[in-house]
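*Asks:* Protein sequence lines correspond, in order, to chains A and B.
One rule links them: number in my numbering = place in the first sequence (from 1) + 224.
One rule links them: number in my numbering = place in the second sequence (from 1) + 224.
No copy labels: a pair is met if it fits in one copy or bridges any two.
In silico DSSO-like pairs for lysine-lysine, Cα to Cα no more than 27 Å straight-line:
| # | residue 1 | residue 2 |
| --- | --- | --- |
| 1 | Lys460 | Lys507 |
| 2 | Lys496 | Lys404 |
| 3 | Lys235 | Lys259 |
| 4 | Lys543 | Lys282 |
Don't read these hints as lab results, they were simulated from the structure.
There are 2 protein chains.
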Amino acid sequence: MTITINDIAEKAGCSRSTVSRVLNNKGYVNEETRKRVEKVIKEYEYSPSATARSLSKKDSNTIGVIIPEADNDFFGEILKGISQVVDQNDMTLIFCDTDNNMGKQERALNMLKGQRVKGLILTPVNDYSDKESANRVRRQLDNLMVPVVILDRQMEYSQWDGVFFENFRGAYAGTEVLIKEGHKKIGIITGDLNLKIGRDRYRGYVQAMEDFDIPIQDQYIFEGNFSEEKAYDLMKECIESGNIPEAMLTCNNRTTLGFIRALREYKLNLGKDIAAIGIDRIKILDTLGYNFSYIERDTIEMGRTAMYRLLERFQNPNKNREISIMPFNIVLKGSEKLKATSKANNME
Amino acid sequence: MTITINDIAEKAGCSRSTVSRVLNNKGYVNEETRKRVEKVIKEYEYSPSATARSLSKKDSNTIGVIIPEADNDFFGEILKGISQVVDQNDMTLIFCDTDNNMGKQERALNMLKGQRVKGLILTPVNDYSDKESANRVRRQLDNLMVPVVILDRQMEYSQWDGVFFENFRGAYAGTEVLIKEGHKKIGIITGDLNLKIGRDRYRGYVQAMEDFDIPIQDQYIFEGNFSEEKAYDLMKECIESGNIPEAMLTCNNRTTLGFIRALREYKLNLGKDIAAIGIDRIKILDTLGYNFSYIERDTIEMGRTAMYRLLERFQNPNKNREISIMPFNIVLKGSEKLKATSKANNME
DNA sequence: GTGAAAGCGCTAACAG
DNA sequence: CTGTTAGCGCTTTCAC
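Make a model of the complete structure from these sequences and hints.
*Replies:* As structure tokens, then:
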């Protein structure tokens, strides 16, 4: 049905080896025959089967990408970045969304193994219900026998290249901003402390507080899990207790949203009733002109970087393990002096 | 290097046909041999090459997805929906982001042809710089020789199945809400009128106005292009002119954002100084408790539906062309009586 | 310069 | 029930 290399060879009056040569621009081939073959190829709109080609070359040109939630701005941008570089390098991207579900992640890995991908970019799920599964994932990755780049969420005890955010320093910097603004009662809504990324951010906060000799008050440590819902519940509780901190650090975009939702529900004014700084940019807040200060990273670039790491690894399989740490940027939406974290907000 | 079906056959002391039979659970195979083979497979963590399998079966189990912007909530959710169904059906998803660029789209189509995908879900780019390209795309799609489902952005003169939004009726309904609220001076920031989707929404507005005998005033027709920037510019201009309508219909999520940004910049209060309703939900506005009324669709379901259409087409290649129109839902954030579109907003 | 032949890993008749 | 054989569409020696 579909047209094959043999068809082209026949029409062009040569062998398929010759067609293959012009296709791959490799080996000697007479200028005239080349023209002839090329003409036939164009005429029939022939496009060689990547499948057959991979099989024959034992090399696939395909990379797998596993992310936990495509419907999250953050990962949408990551995906865009990866996709750009994949495209530039004439590769193919197989996409999997795990929904943060360990079972789906295992299936995805299995599928990608079957597809014989050439490399993998993975943001592991954060499902810790099953103690065994972390090891099982590690084994699956080994079993893949191809380079892997871990993205955003650190996997412990792994030998893979990785691209991460400066979690510790980012959180430290955010906390420092609040401190320098003169606050003492500084709280934090943490991420999931089962995740290294969550712990690192928390440690950044702790370290900053210690470095500036500000006592940490347990009542202002709110242990969240990176979800909006949890952050909302925690903040609500905090507000109802009547004992709210002067300032708050929120540990990711979802957390920030839950935090703001609670404030709004209780008619508290961000920047007046409570100061705050968050990790992650929330583009729409800027668009709306809502003054919320944050620690941002270039997410699309993060995706690109992951892909670059993979390409380098293809080039040089034996090079040392490489961890890329994406820099952060402090965006203050406060007073002119950049001292206040968030000036009073009036939506409308 | 990687382990093949032959290795398994050898270890299990049988022929590769037998292994193939147990792999595919097809044909007769002795219970004992089956056990033996399965054991070896598990032991070596063997996973058959999808590549070789496709080549042999002349059938790929892979579908291609081309979307214009992964870093847009809307398409993130679409992708999630598609991915869910792909996963449920043990298929593989090849992802391409065109950046709304015609050249990239052509390359993507080419690549997918080479990959011999079994089907394609496409949201065409909206780049109209080149008159020829629309035809070229149509030819490329034909040339693919596999089922295609067009998603969200209608392609004219195409024979493919499609999944779209009720553009006309959605816009009509939104306009109707504004009319029934008692407004006469009702404006619209349209989408790109080069796109059918843009024209349909505009027509919905016009029709509603006519049906209710409200004169349409040219000064209140703002021709946008679905981008936030353009909507912002238009609204800004409108405000500066000093002649703003009583109510406004904004034709997609980006447009709504530009519109709101302009209002905020000029300290106009949505719901008080101007009423409005938009097309597309903007999740974060709800999260933040910002009262903006809108016409919504279930985006994840839209993605799923596209995939269902494809699966049905695989089942029955000759069935009639099918267009799925996703229903809409009116979400009013106004008075208790659901009359007002947006009550006065105070962000904080 | 070019073709013949072998092989990539798997499936699918077809014998036995 | 199982093995043999012949491909699937392409690349890659290796002669000529």
